[in-house]
Structures are given as structure tokens and as C-alpha cells.
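There are 2 protein chains.
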Amino acid sequence: MSTFILRSGVLILSFGIASEIVYQIYKKVKSRNNGNRRKFPKTEVLFFPDETVACKAYFTDDYGCKNSNCRFSHEENSLSKLFTYLISARISIDVCVFVITCSDLADLLVKSHKKGVVVRVVTDNEQVDVPGSQIWKLRKAGIPVRIDNSSFFMHHKFAIIDQEHLINGSFNWTQKAITGNQENILITNNEDIVLPFISEFEKLWLKFDPNQN
Amino acid sequence: MSTFILRSGVLILSFGIASEIVYQIYKKVKSRNNGNRRKFPKTEVLFFPDETVACKAYFTDDYGCKNSNCRFSHEENSLSKLFTYLISARISIDVCVFVITCSDLADLLVKSHKKGVVVRVVTDNEQVDVPGSQIWKLRKAGIPVRIDNSSFFMHHKFAIIDQEHLINGSFNWTQKAITGNQENILITNNEDIVLPFISEFEKLWLKFDPNQN
Chain S
1 MSTFILRSGV LILSFGIASE IVYQIYKKVK SRNNGNRRKF PKTEVLFFPD ETVACKAYFT
61 DDYGCKNSNC RFSHEENSLS KLFTYLISAR ISIDVCVFVI TCSDLADLLV KSHKKGVVVR
121 VVTDNEQVDV PGSQIWKLRK AGIPVRIDNS SFFMHHKFAI IDQEHLINGS FNWTQKAITG
181 NQENILITNN EDIVLPFISE FEKLWLKFDP NQN
Chain X
1 MSTFILRSGV LILSFGIASE IVYQIYKKVK SRNNGNRRKF PKTEVLFFPD ETVACKAYFT
61 DDYGCKNSNC RFSHEENSLS KLFTYLISAR ISIDVCVFVI TCSDLADLLV KSHKKGVVVR
121 VVTDNEQVDV PGSQIWKLRK AGIPVRIDNS SFFMHHKFAI IDQEHLINGS FNWTQKAITG
181 NQENILITNN EDIVLPFISE FEKLWLKFDP NQN
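Sequence order for the protein chains is S and X.
Each step along the first sequence adds one to the number in the UniProt record's numbering, with nothing skipped, and position 122 is 122.
Each step along the second sequence adds one to the number in the UniProt record's numbering, with nothing skipped, and position 50 is 50.
Okay, chain S solo, but in the shape it has when bound:
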């Protein structure tokens, strides 16, 4: 009988410890991953340059940043907010951006694609082969990329998240745009603004279909 009580006690104690561990992990993930869960306003305007570079892991990974000597910023800034919009996608991300050389932003597209989010990219031929271009990484990951091969620029810099949020402005997806240039991004779910951009994306997606040209 005393053995039974002892075993029951150990079982209850183990269960209690296990529960506490799970709860602590939950708390840690929750506090570390605030960005991912922040409530989006209807309209948000972001300006660059940021003074520091936001830590992608801290703001977008489920377990946050594991690097105790991380040299990137864990404070919210314009880039971290952009990260959280991109990582919030559950259905689709349509990207229509002139230059994509920022590996952190390209990595988020690949991550979303691997989770099953439908990612499509439209860009310009003049920028596909510039140093640091992320187009080949995107294609290697299986993300379809369509290219404007005309002599004019596909100069847009917008993305649409879940056909709901528009991200648009002067901001190309480059490192220089994050910490150097004067840039802006408007993010909104105002349908009067988002819907015309959804149509524009579909128009260009067809226009730059290599099978149509």
C-alpha cells in the first residue's frame, strides 16, 4: 500500500513538474514571439532607415532568437513590423517588387511557401542577376517567379498578404533600403486601396506568363 502511495506521489510530482516545464516554454515562446501575434492596425505607415537591423529569428521563429550574443535588434522597428506582416500570411503572398536582394525577406517567403502558403513573385529582368539577387533562391525553393523582360521597369514595390493586407511604397526589398535610404511603406486593409492592387497583380501575373509570350 505504501509503495502504491509512493508511486502515486512520484507520478503526481512528475506530472506537476512536466506541466510547469510546458507552461514555462509556452510563456517563453509567447513573450519572445510577440511580433508574430501583435494585432495589426487598419493602416500603418513605416519609414526607413531603421537605426538597427531587426532580428528575423526573434520576430518570426516560433522559439524566437536562440543566440545569446545576437547582434541584431530585438526592439520593434519598421523592418520587424514588415516581418510580422509577412509571417502572418496563412493563405497567400503575392509579391510585385522591382529589386529583391534582402535575404531575410526572401527567407520569409521560402518559410511561408514551405508552410503551404501560396507565394507568387513578379519582378524585373534588370534586377534578376544583380549581386545578392534572391530570385534564384526563391525559384530553387519552388516559388514561381515571373519576370518583366521588356526594356521598361516593372517598378512596383508592393505585396499582398492573404488578399487582405497591402504593403506598398518606395521600399525595394534591399538591405540598403532598410538601414540607409529614406523610404516608406504603407500597410492597409482598406478595400478601396487593396482591391485595385489585387487586380494589378493578376494582370501582371498573366502579362508576364512565359507561356503567353
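Heads up, some of the hints might be wrong.
Claimed, not checked - In silico DSSO-like cross-links for lysine-lysine, where the CA-CA straight-line distance does not exceed 30 Å:
id, chain 1, residue 1, chain 2, residue 2
1, S, K42, X, K81
2, S, K203, X, K176
3, X, K42, S, K39
4, X, K203, S, K42
5, S, K81, S, K39
6, X, K203, S, K39
7, X, K56, S, K81
8, S, K203, X, K56
In case anyone wonders, no lab produced these hints; they're calculated from the structure.
For chain S, the structure is supplied; the task is to place chain X on it using the hints.
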């Protein structure tokens, strides 16, 4: 007495003819100058390229286009709408644009400046001396222009009309952006969007004050 009646008749007839002439001119100006008087929606999204180049005179001059063989378009398009926003300014136009080489748009700034509208321009040093740059024309007309002389880009492409309407997007003020490139402009009077841009303009206006640097 009959001379008096005759003179009165001629006077009344002359007055009638003069009235008719004035009325016809008024009708002509009104119909030609529809653009200038169109009612602006709260939010408008414009895409480029336009298929034709809008006639600046038709959409912005009080007497419209006087050229019977005009080779420019008298049909409303994205550029004509941009013209009508710019020419609607009564108090101020703050321009913060990376490249300004389009003479039609620069001419509208000069025209507004001459009417007494306070025009201010912020731009980037890398673009000041490119072929077709309109910066010197603006300065010659007395419009103050402040320049980002850093190695990074002042890459914004926005303008604020009467502190009320924001014009913003991927669109630099170039001819190529009008009839060649894929571009967008969002125009809105939504305060949640306009006010941050007003602050950004004032910040950059001070930052690039040559007396402060």
C-alpha cells in the same frame, strides 16, 4: 427721338451679343477644363503606364488646349488625374521625390508657385544632374529645393497637397514612368495616412537644410 431709339436698340443689341460671347467662352472653358474641377474621391489608385500622354494644357490651363492639332491626349488617364490633383493646390505643395525629370510636372509646380502656392521640394543628389533634371528650372523659378547629399538614396516618391491629399507610390516624376514602366500612385486624404507623411516631410526638410549641415 428716332435717333435715341436707334442708339438704344444698337446698345441693347451690342450688350446682348457681348453677353452671348461671354457665355459661350464660359461654356467652352468649363467643358474644356473638366479635369481641374472634378470632384476628388477619398482614395484613388492610379496605375501606369498610360497608353497616351495627357495634354497638360487641356487638363490644367484655364482656357484648355488651344492647339487644334494637339498630339497629346484629351481623354482622362492616370497622368491627367495626377495633373488635376497638383493644379488643385491652393495653399501648399510639398514634394519629396527621388527623380524629377518630367517637364510637365515641374511646370505645374512653377505655375502653382507663381499663383502664390507655397511649393517646397526635397530630392536626392544622385539625380540632380541627370539628363532632363528639372531641379534647376524649379530653383530658377524661386522654388526652394533641399537635397540629400548622403551616399544613400532619398528614395521617397510622395507629394502632399494643401496638407490634405497625399500622393505616394513607386512613381518617380519621369517620362519613362508615365508611358513605359509598371508604376502605381495612391492618392488619399485619409488622415491616418497623410499625417505621418506630413511629419516625415518636415523631418527631412530640416534634415537637409543646408544651413544646418
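| field | Hint check against the structure, violated hint numbers in rising order | value | Violated hint: only 7; rest satisfied.
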